[in-house]
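Visitor: Below are the chains, spelled out letter by letter.
There are 2 protein chains.
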Amino acid sequence: MAEKNIGVGLLGLGVVAGQVAKVLIGKQAKLSTEAGANLVLRKIKCLPQDLDRPVAKELPKELLTTDEEEFFNDKSIDIVVEAIGGEHPAFEYHKRALSSGRHIVTSNKEVIAKHGIELLTLAQKNNVSVNYEASVGGGIPLIAPFKYDLVANELQGIYAIINGTTNYILTRMGREGLDFASVLKNAQELGYAEANPVNDIEGIDATYKLAILATLGFKARVRPEDIHHEGISRIRSQDFKYAHELGLTIKLLAIAKQNNGTVETRVHPVLIPADSFLGKVDGVYNAILVQGDLVGNVIFFGQGAGAKPTSSAVVSDIVDVARKMASGNKSTYQWKLNPAIKLKPIADIQTRYYIRLTVNDQPKVLSQISQVFGDNGISISSVIQKETDDTARTTEIVIMTHSAREKAMQQTLTELSQLDVVGEISNFIRVEDIKQ
Amino acid sequence: MAEKNIGVGLLGLGVVAGQVAKVLIGKQAKLSTEAGANLVLRKIKCLPQDLDRPVAKELPKELLTTDEEEFFNDKSIDIVVEAIGGEHPAFEYHKRALSSGRHIVTSNKEVIAKHGIELLTLAQKNNVSVNYEASVGGGIPLIAPFKYDLVANELQGIYAIINGTTNYILTRMGREGLDFASVLKNAQELGYAEANPVNDIEGIDATYKLAILATLGFKARVRPEDIHHEGISRIRSQDFKYAHELGLTIKLLAIAKQNNGTVETRVHPVLIPADSFLGKVDGVYNAILVQGDLVGNVIFFGQGAGAKPTSSAVVSDIVDVARKMASGNKSTYQWKLNPAIKLKPIADIQTRYYIRLTVNDQPKVLSQISQVFGDNGISISSVIQKETDDTARTTEIVIMTHSAREKAMQQTLTELSQLDVVGEISNFIRVEDIKQ
Numbered sequence: 000m001a002e003k004n005i006g007v008g009l010l011g012l013g014v015v016a017g018q019v020a021k022v023l024i025g026k027q028a029k030l031s032t033e034a035g036a037n038l039v040l041r042k043i044k045c046l047p048q049d050l051d052r053p054v055a056k057e058l059p060k061e062l063l064t065t066d067e068e069e070f071f072n073d074k075s076i077d078i079v080v081e082a083i084g085g086e087h088p089a090f091e092y093h094k095r096a097l098s099s100g101r102h103i104v105t106s107n108k109e110v111i112a113k114h115g116i117e118l119l120t121l122a123q124k125n126n127v128s129v130n131y132e133a134s135v136g137g138g139i140p141l142i143a144p145f146k147y148d149l150v151a152n153e154l155q156g157i158y159a160i161i162n163g164t165t166n167y168i169l170t171r172m173g174r175e176g177l178d179f180a181s182v183l184k185n186a187q188e189l190g191y192a193e194a195n196p197v198n199d200i201e202g203i204d205a206t207y208k209l210a211i212l213a214t215l216g217f218k219a220r221v222r223p224e225d226i227h228h229e230g231i232s233r234i235r236s237q238d239f240k241y242a243h244e245l246g247l248t249i250k251l252l253a254i255a256k257q258n259n260g261t262v263e264t265r266v267h268p269v270l271i272p273a274d275s276f277l278g279k280v281d282g283v284y285n286a287i288l289v290q291g292d293l294v295g296n297v298i299f300f301g302q303g304a305g306a307k308p309t310s311s312a313v314v315s316d317i318v319d320v321a322r323k324m325a326s327g328n329k330s331t332y333q334w335k336l337n338p339a340i341k342l343k344p345i346a347d348i349q350t351r352y353y354i355r356l357t358v359n360d361q362p363k364v365l366s367q368i369s370q371v372f373g374d375n376g377i378s379i380s381s382v383i384q385k386e387t388d389d390t391a392r393t394t395e396i397v398i399m400t401h402s403a404r405e406k407a408m409q410q411t412l413t414e415l416s417q418l419d420v421v422g423e424i425s426n427f428i429r430v431e432d433i434k435q
Numbered sequence: 000m001a002e003k004n005i006g007v008g009l010l011g012l013g014v015v016a017g018q019v020a021k022v023l024i025g026k027q028a029k030l031s032t033e034a035g036a037n038l039v040l041r042k043i044k045c046l047p048q049d050l051d052r053p054v055a056k057e058l059p060k061e062l063l064t065t066d067e068e069e070f071f072n073d074k075s076i077d078i079v080v081e082a083i084g085g086e087h088p089a090f091e092y093h094k095r096a097l098s099s100g101r102h103i104v105t106s107n108k109e110v111i112a113k114h115g116i117e118l119l120t121l122a123q124k125n126n127v128s129v130n131y132e133a134s135v136g137g138g139i140p141l142i143a144p145f146k147y148d149l150v151a152n153e154l155q156g157i158y159a160i161i162n163g164t165t166n167y168i169l170t171r172m173g174r175e176g177l178d179f180a181s182v183l184k185n186a187q188e189l190g191y192a193e194a195n196p197v198n199d200i201e202g203i204d205a206t207y208k209l210a211i212l213a214t215l216g217f218k219a220r221v222r223p224e225d226i227h228h229e230g231i232s233r234i235r236s237q238d239f240k241y242a243h244e245l246g247l248t249i250k251l252l253a254i255a256k257q258n259n260g261t262v263e264t265r266v267h268p269v270l271i272p273a274d275s276f277l278g279k280v281d282g283v284y285n286a287i288l289v290q291g292d293l294v295g296n297v298i299f300f301g302q303g304a305g306a307k308p309t310s311s312a313v314v315s316d317i318v319d320v321a322r323k324m325a326s327g328n329k330s331t332y333q334w335k336l337n338p339a340i341k342l343k344p345i346a347d348i349q350t351r352y353y354i355r356l357t358v359n360d361q362p363k364v365l366s367q368i369s370q371v372f373g374d375n376g377i378s379i380s381s382v383i384q385k386e387t388d389d390t391a392r393t394t395e396i397v398i399m400t401h402s403a404r405e406k407a408m409q410q411t412l413t414e415l416s417q418l419d420v421v422g423e424i425s426n427f428i429r430v431e432d433i434k435q
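Note that the protein sequences, when read in sequence, are chains X and B.
Note that numbering that gives the first Met the number 0 gives residue 178 to position 179 of the first sequence, counting from 1, and the numbers run on in steps of one.
Note that numbering that gives the first Met the number 0 gives residue 163 to position 164 of the second sequence, counting from 1, and the numbers run on in steps of one.
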């Protein structure tokens, strides 16, 4: 059977790392057969407090260390698996591992999104690899399809539900008519949202994942901070009510589109048809729609988080590296950037818009409002007017526009807010037309 | 830039091959950058009649040859792309190409399903590779995810809509209440079904694709002839009517399941929930649901046929081979078969059943029928009785069973057909419960 030993060292002992350790030990024979070499878990570097966690008791004691030096000085470690998450010290660990000739396998979206290109360059210099399938979409195969299976295509669009927490919250708001705050609170109680949920609900987590996909898919250097992002906390139950009337639903989408060498990237709530594929992705599931000039639309769907699905991607990456080591193949893959690709500022995007306004219940209100849209060159496709509040003498109006430039829309919103008859611009949500 | 030349030779000039030729020429610079070598289309071996086809006029004349010897003697061809389809002479061409040290890229499901293991063994002996992403699911990434991204998993199930023609026919029957024959005729007129549709409608095409996926996914030698298959021609509009009443729909599924080292494989119509993911896959689209012990359910969705989607997979495979050649890596991947895996005979499967019977309209009919089920140890979950035909004094009964063994079900059907009160067993359809 397999003769060569290939050593794996694990950084971290959180839920993902603990699961990876259990899989490496429990499936050692199967994984070694797949790899064509004996795949051996050599060491786990954890924090002192991890030693008291249940998973630590399930693992052979001699594997565990809290000593970073002991870990990095272990010459029997060929592949370093980093599953501690966060930017620091993970980034420093990556650099140390690569500089000492170890391959990296990681589930860390933040480090890859922020420093991926630097790390891949460092890896190449040291004839080793960085594998990061687990950094986006949990166990859903995404990185390999982008690297291999779709490479003949010029990619045109990526439309992704890649944050389970926000999709869970929006699904429940839409189904149950609940407001954002109460669903968030319940999601936190159930463990679907973190105590500090800001990274998820404000779309920051999704920018990390989109940065990784867009960089790989469009060969453009897309950093998380290049991505316009808005969260879901301003979505109200009324917005779902109007959306349903229009046959639409609300999702937090991570969007990247390419047109004539210009790439736009953004993360924000969108209105999409309720009966579209992405519109029907409910709960904590993830779905990623990719458009290519040859392949058309392909969709990848599955659990985008969780210890087991994420360990599927991490361990498969480990096997891939080990297989290449065992067969003497080089394990390098570079992000080949195309310096000609430009990023489009958010002000230049074109889309349709939904605007919900509270206005005074007076004659000619609609004509004043329409005037502002017209002055900015935006044409209105439909208006819903409802629910006069007799006491306050206010009315809620929902306006749907035809396709317009974001800059003109923002100017319109500014001017609308200055009208005496407009009490409040209650919300504005972009409407995404996904070619199918 | 890229220095090394890598030559591609194309066998065939049908719709897929023609599209591949156009992509290789039209995207030569992009593909060469991806490959890290100059990717050059050297020769196209076609039939004399192909020379009159429009695509032949669009291609450089000097590339075309009808001479097999000229093609195989061209030492500048490193990668042979076979897109002629069918078993012969494609299989012989594969062997000749591999024996002379050329890599193979193919979209030919029949050759891979029937001879894949032999060809991969021959490839390994000659230090070359066989790539066949395009053989299943058109451009949908499937082979690479099975080889790489899901390798840490023990796969539990594959549930696939992998034949566009039958899915198109069933979708229209379900939506429009039409009968099979008229939809088939219309599908033939529209080009969605072939003049001789037997391979599609009888599920034979799907057995080729399932054989490829099951062999790869379960490491079992699954030949097309090992797969129990039934087509859709016996589905009637009444079956859809009853299915809809029960919240179900009818799909032709290719199913492979593994349990304790035993694999069952079958292609036949199934009843599944209408609002399930696979239940909602309409028209010519393909969707493949894969269940793994770690990853849970992942779904791959897209266009499963057509020149452009298929060329996406073929050309991406070519780039993959070229990349490995350019970097000096070995390009071999073996199907590692597990000789311990057993195949389960169809008689041993367990599922639920839908049976539609025409019976005499007499008292005690139901008790006689129930008796037969009971005698065979099958318990009935529900009965629908309707539409008495007063002239003929017959009634249609639909029976849904709890989970039962196929052998017992077949015995039940035999015994039912011998009852005097049973006019006809009009249909029987398996009901598939897909764990989600």
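Derived by calculation from the structure, the hints in this document are not laboratory data.
Small disclaimer: the values here were computed from a predicted structure and weren't measured.
Hints are supplied without guarantee of correctness; some may be wrong.
Where chains are identical, the list cannot tell them apart; a pair therefore holds if satisfied intra-copy or between any two copies.
Unchecked claim - No farther apart than 27 Å at their CA atoms in a straight line, the calculated lysine-lysine pairs in the BS3-like style are these:
hint, residue 1, residue 2
1, 29, 323
2, 29, 307
3, 307, 21
4, 307, 256
5, 363, 94
6, 406, 29
7, 363, 343
8, 26, 341
9, 21, 74
10, 343, 124
Visitor: For every hint, state whether the structure bears it out.
Guide: Evaluation of the provided hints:
{"no.": "1", "hint": "29 <-> 323", "verdict": "both (17 Å within a copy, 26 Å between copies)"}
{"no.": "2", "hint": "29 <-> 307", "verdict": "within (17 Å within a copy, 37 Å between copies)"}
{"no.": "3", "hint": "307 <-> 21", "verdict": "within (10 Å within a copy, 43 Å between copies)"}
{"no.": "4", "hint": "307 <-> 256", "verdict": "between (31 Å within a copy, 20 Å between copies)"}
{"no.": "5", "hint": "363 <-> 94", "verdict": "neither (65 Å within a copy, 80 Å between copies)"}
{"no.": "6", "hint": "406 <-> 29", "verdict": "neither (56 Å within a copy, 34 Å between copies)"}
{"no.": "7", "hint": "363 <-> 343", "verdict": "neither (38 Å within a copy, 75 Å between copies)"}
{"no.": "8", "hint": "26 <-> 341", "verdict": "between (45 Å within a copy, 21 Å between copies)"}
{"no.": "9", "hint": "21 <-> 74", "verdict": "within (22 Å within a copy, 51 Å between copies)"}
{"no.": "10", "hint": "343 <-> 124", "verdict": "neither (32 Å within a copy, 51 Å between copies)"}
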